[in-house]
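Protein chains in written order, with the numbering used here: chain A, 1 to 303; chain B, 304 to 606; chain C, 607 to 909; chain D, 910 to 1212; chain E, 1213 to 1515; chain F, 1516 to 1818.
In short, the hints are calculated from the structure, not lab data. Note that the structure is a prediction, hence the values are computed from the model and not measured. Think of the CB as a built atom: it goes at the ideal place given N, C-alpha and C, for glycine as much as any other residue. There could be a bad hint or two in this list.
What the hints assert, rightly or not - Here are the simulated lysine to any residue pairs, SDA-like style, with alpha carbons at most 20 Å apart:
1) A:K257 - D:W933
2) E:K1469 - E:R1398
3) D:K1166 - F:D1729
4) F:K1772 - F:D1729
5) E:K1408 - B:D375
6) F:K1772 - A:D68
7) A:K257 - D:N1082
8) D:K1105 - A:T206
9) F:K1772 - A:T206
Said to hold, decoys possible - Pulled from the structure, derived: some chain F residues nowhere near chain A, Cβ distances all over 12 Å:
10) P1531
11) G1537
12) S1588
13) L1591
14) E1684
15) S1685
Number of protein chains: 6
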Amino acid sequence: MTHPPYGGVATFARAPLVEPSGAWRADVGVLGVPFDLALGFRPGARFAPRAIREASLRYAPTGEGFYDLTTDSFRLAGATFADAGDVVMPTLRDDLVRERTTDAARQVRARCRVPVFLGGDHSVSFPLLRAFDDVEELHVVQLDAHLDFTHERGDSTFSNSSPFRRAAESMPNLSHISTLGLRGLRFDPEAVRAAKARGHALVTMTSVRERFEDVLASLPTGKLVYVSVDVDAFDPAVLPGTSSPEPDGFTYDVAMKVLRHVARSNRVVGLDVVELAPNLDPSGRSELLAARLVVETLCEVLA
Amino acid sequence: MTHPPYGGVATFARAPLVEPSGAWRADVGVLGVPFDLALGFRPGARFAPRAIREASLRYAPTGEGFYDLTTDSFRLAGATFADAGDVVMPTLRDDLVRERTTDAARQVRARCRVPVFLGGDHSVSFPLLRAFDDVEELHVVQLDAHLDFTHERGDSTFSNSSPFRRAAESMPNLSHISTLGLRGLRFDPEAVRAAKARGHALVTMTSVRERFEDVLASLPTGKLVYVSVDVDAFDPAVLPGTSSPEPDGFTYDVAMKVLRHVARSNRVVGLDVVELAPNLDPSGRSELLAARLVVETLCEVLA
Amino acid sequence: MTHPPYGGVATFARAPLVEPSGAWRADVGVLGVPFDLALGFRPGARFAPRAIREASLRYAPTGEGFYDLTTDSFRLAGATFADAGDVVMPTLRDDLVRERTTDAARQVRARCRVPVFLGGDHSVSFPLLRAFDDVEELHVVQLDAHLDFTHERGDSTFSNSSPFRRAAESMPNLSHISTLGLRGLRFDPEAVRAAKARGHALVTMTSVRERFEDVLASLPTGKLVYVSVDVDAFDPAVLPGTSSPEPDGFTYDVAMKVLRHVARSNRVVGLDVVELAPNLDPSGRSELLAARLVVETLCEVLA
Amino acid sequence: MTHPPYGGVATFARAPLVEPSGAWRADVGVLGVPFDLALGFRPGARFAPRAIREASLRYAPTGEGFYDLTTDSFRLAGATFADAGDVVMPTLRDDLVRERTTDAARQVRARCRVPVFLGGDHSVSFPLLRAFDDVEELHVVQLDAHLDFTHERGDSTFSNSSPFRRAAESMPNLSHISTLGLRGLRFDPEAVRAAKARGHALVTMTSVRERFEDVLASLPTGKLVYVSVDVDAFDPAVLPGTSSPEPDGFTYDVAMKVLRHVARSNRVVGLDVVELAPNLDPSGRSELLAARLVVETLCEVLA
Amino acid sequence: MTHPPYGGVATFARAPLVEPSGAWRADVGVLGVPFDLALGFRPGARFAPRAIREASLRYAPTGEGFYDLTTDSFRLAGATFADAGDVVMPTLRDDLVRERTTDAARQVRARCRVPVFLGGDHSVSFPLLRAFDDVEELHVVQLDAHLDFTHERGDSTFSNSSPFRRAAESMPNLSHISTLGLRGLRFDPEAVRAAKARGHALVTMTSVRERFEDVLASLPTGKLVYVSVDVDAFDPAVLPGTSSPEPDGFTYDVAMKVLRHVARSNRVVGLDVVELAPNLDPSGRSELLAARLVVETLCEVLA
Amino acid sequence: MTHPPYGGVATFARAPLVEPSGAWRADVGVLGVPFDLALGFRPGARFAPRAIREASLRYAPTGEGFYDLTTDSFRLAGATFADAGDVVMPTLRDDLVRERTTDAARQVRARCRVPVFLGGDHSVSFPLLRAFDDVEELHVVQLDAHLDFTHERGDSTFSNSSPFRRAAESMPNLSHISTLGLRGLRFDPEAVRAAKARGHALVTMTSVRERFEDVLASLPTGKLVYVSVDVDAFDPAVLPGTSSPEPDGFTYDVAMKVLRHVARSNRVVGLDVVELAPNLDPSGRSELLAARLVVETLCEVLA
């Protein structure tokens, strides 16, 4: 007797609800960061953790896992999940947001094999990454239309354009970042140069489209990888619910090919999905895609 | 450190999440019934339990209760809540829906002082009421634009037009029903006559508007009362999110005056709120009102 | 075996579909005029005839009529309806719109006791009224936030601000107009003076609210009356789906009291409902109200 | 003088409105089945028949047919249409729905060359197919993200996951089913095995994308074919208005290539389009696509 | 030749666009503060200044003013307007927001008789009020469902619950605040006591409804008054587009009666309208009401 | 200190606001034509000029231009813009619309290198093109799903199906039109033949997809070109906000490749973007794409 997706209290994939600091262990621990004050355009990412949880109910795994038609096998069989709820948001105090987010992320990370973080605008990736400051030679694979390596925007150094700059500055263990899906009319020249100076891989969407095998081949192998998916990496036709859409982005299929490749050639130590604004998509397909992306990526990471 | 309303997993008023049959006790136990197959027009009430839970976070009581400006006192202080989740919905099988709903309602009722049920279309009030078949001389106070005492509609005897007819038939202990807010262009003459024959009070919205004190005076006193609020009792301007709106209904203020009066002069044994269709109100005010109505009614019931 | 409101092809109140010039007779003939090029703000009234037809299915009378709870009697029993479809709209050519509308209105009028016209913006009332140019001493009762008696607006004399000015000019039989519900920040002084010079009754919403009995008493008696309901007469809370809403308008109840009074003291020769923009109200209650208003007015007119 | 798409009462492609059992003959007979109680997620398919009718007015053929730019020829010239309205929906009684649907479908089929059925959720394809139980060696070509061959879901054997299982069980003449567009995270292993055991063709979307010519070549030839289009076969970017969208589906172009191929190599005996939820797509493009798909498929079927 | 409301670049009431610090003088100077990071629920007030500007085009005064039907006179004749644009918003840095807002407000105030401020959430009233720190014995009349006199919320002292507390602390010249429209389930007892200790008038909506003449009589007379309108003072039926709606609020008519009374018995030195979230009201009536409120209040203030 | 996109009064790309006939010079002059009475389906293009202006704020160039990641260079550096506002729309009088539009377009054209026109429905391209009647051997490149070369539709010769027919008739200097993106079910055979007789290039979307290099090669070279972008050229998934969407259209990338090619091989003398209906796309991505298309095309035109 299982609920339809519209039934029951929505924890991620029907996982038990736990406290970040509680006495639990699971393969996957989920933490929401409902913060969207750091973006510069259309708000709504604060509603994303709850929306992704609701959408995840279409993809709630059972013990036997997901039967795959093509391979006649089961995925994610036996995997255990826990939902650690959301970081408690203050009003205005972005300093507290970062502090609490890092704290909770550390706690969740300590209790599971793969922590999954549901943003929130992209600024949350900085305090999330900080919880991985002890990982040796940490690699980041970022799917994103934008570089998010800007030093300062709108008089702030903590906007959603800066998370990886801040992380790179404060985390000596952050070795490398690969950003895939770059496109759009405006780039910050200083940020581009700074990222290139650090040896980061800046992969445009044109490259993804035209030289996909080369792009896959250029990704890290055998590393400890944190994956950060800004949903504006996707084509706005595929995922319209985001603050700052840029045309000609990823399809789900191509994004999953990247994520599958990354998961199979490395050890994924964490995953975040950010910049989903469910209020901008009345069709609901944006959060359904985000939820499926999380679950299907876990199929690969835990395979 | 408390969440803003958009933060955290949404249980009713941040109550602990329990199983209907679990080992818990609380002043208030909440159960959702996400079923809307029995209505005859615009679906969406299946989404109501979750929407009301989310909206209830604006009204989550703290231990000290709600400070009331006018009386300089605290309401609902110390009250305990538990959220028993939703009844598990099958596909199509309305017989199973009724069976499971009655079962879960009995379990919740056994564990709390006041069970609160979140519909669902109004057909769920029949299986909910059945869980009170042992209450001696049960009275119902129903806020509703429609009588819902029709024998059969659309070849079914279990539609959302029939819950009280079915309850009256099968529950000898159901002594009396007062229906307030009746209006609209079409009434079922057979249903009206049957209700009148049983001595029910049929109170039109015109009466509520023009003879309010008389209406209050005519309500039951000193009884065990089950309260059923069909949100189409409200004016559609006030609550647009419902399948079958009828103009010229209750304001929140007048509805609360009725509910306060009922709560203070009787013992309320249960409460349901039904026919909310959050998908029909993009402003979100419909579920906010429904959630507040539940919490504020509880202020009176538990006073 | 009757359809639920969402079933079947939507003719008005499930009436047979006829041609305006066909061989039919009915108590009520319905004609749509899906024209909204003459308004100066937000379009959408072109969608109103179809939306009102759909909404009318909630109020489709059966042969026995509508049972009234309060009077224990049946309304509209035995009344026959025909739906003559819509006037065929050209592109841009408002001259053709007026010509075709008057022609079709004459045809429908010749075949029924009470023609009902579904606008369109208010400019259509001029060509509709022209179909009544043979009615001796024609009176108009207009529910409207605006006077619509302006000579010229935006370089046109046929805008939705001018229908009654054009009718008054060209129809010597148009004796008198009562406009109820006037309010808003801006009036055309020339139009006000011209209307007053003709002896029209200009009744503000404040008067309706504060001196309702006097207002009713001032309405025509024993006349042949054409009723024109601009839905912006209603409070935007009650009916948000209109191009140019003005706060503090009619509730449904008060509007029906006016229409009932007019119908009972006069012979209503025609009715139009205009300026409904269903695209501006995702709750759908605007067209439901408009449809009910038509049907309930007919209950009084055919009583 | 023809209506713009927003004018006139909306029958399919402006066809005359008939009764399923009436005295009519046409090349194409259209029947709506506004039923969506059997789906397990987001309702709205009950609104599809009316929405597709409205959208079809953009594609209403004239006598001379549709001029094709590329071939300099006319399509669908002289074809006659009739709209038989909708099956009358009861409340809750899915047994009656199936009975009435099969009856009406038989009546429509008996009066036209190609019956077109507008769902409704996919459960209606079972009672529709039953109306073809006398067709020798019936083949089905199904465009769908899901297999819909599940034995039981949610305690029911008549959900929208089961129509083809029920048909296969009860119709010995149902020889073969080709399902194209399969994708998604979860498949029912028992259903997959049962379908394969019957020799059905299970074609994933990956195959459609990567081996399109092979897929076309594998389709039936020279058969009597019933075509069932579940609109969730389409990419949600292309058609967002559906209950259970799955990313990476058909474009219109590729779907039409499949349908054209099927129509040209076989005799199409019936067509259904199901699972459209117009309420989930405020842009209106979902029903426009569904309507065009029906009309353009008929161009091929009647060529 | 004047634009319809949808034509032309939208400055407030088609006023010339100026810089706050420019060389201009006008009766009315308008300044927007598109800031909504300090609210605790649903964002969107950042979009309000632009939405109110667009809506104001329906109320753009001409030189001759607005003709009033009832008094046969013209209002706002000859009044001059200037639109000083918006305060430039940084990212996250609420300290800068307050600083820049006070600076720009001072500049605008220095150049006009009546500055009008378009919020933003209610937190902006603190930096706006600071621009009036030289006004002797400043009185505030606040229309609001909430008191907004809380010391701290969500770890911040600058939330939209605290603007008047901060102003009272830092502005010795702020003599008195009258808050009208108070209602809702939860009040901050400490804030209530602090406001009462300062002698503020706390007027509930119940008082407004039941003792309106007394309420008017209790308002300041002969003072220099800053008016702050939080649009959640309105009934959500009347104005649904706001973050935190509370049922049973002001109608437009009653609110205007208050504002008219205040304007006629005092000198209004400034006006703000805050907490409008146009994204929450697809009917657009919320911003239309806000715009009209500003213009009609100015009719009284400049009379 | 620059505004975020939601801040400040929205002129195109933050250009100074000028009068068409004023004393200004700029590289780019922008003129809006908020007219949508000539389309035959869903209105809303009247809202497009303002919506595109708002969206353009995401792409407001700074003096140094847009840094391009791939080429490490700056685009549009130093370009100057002016926003000449909108043509003043009358009511109904399409003759005046054409007259005023041509007049204003001539004025804008005289003051800038590249005039950009924001429609409105496609009928406005006729009066816009007339402002170029002195350009020797004018070529048009039109991106469009439809030919728009019909002689008469709906009894009018000035509908949005006829702009290029009218222009071809009245402008002997209009040498050639290339239309790219043609598709859909219905073409006007007379229009197709007339266009072919004039030697126009009619390029279907199928050709664009399958023979892209040939299509590019067939475009004019070394000419004076007016570019007209009907946004229904785009795939409705990519740009849903348009009156008459047709599936399988341009992606942004392919459209830009065409426009880049045209701009680099010719001199672009003017650009219009028409048929955007922002009211049909609640995600807002339609106007964001239209705004970016304008700015990015200018990057090429001014390169």
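Could you work out which of the previously given hints the structure breaks and list their numbers from low to high?
Result: hints 1, 2, 3, 6, 7, 8, 12 and 13 break, sorted rising.
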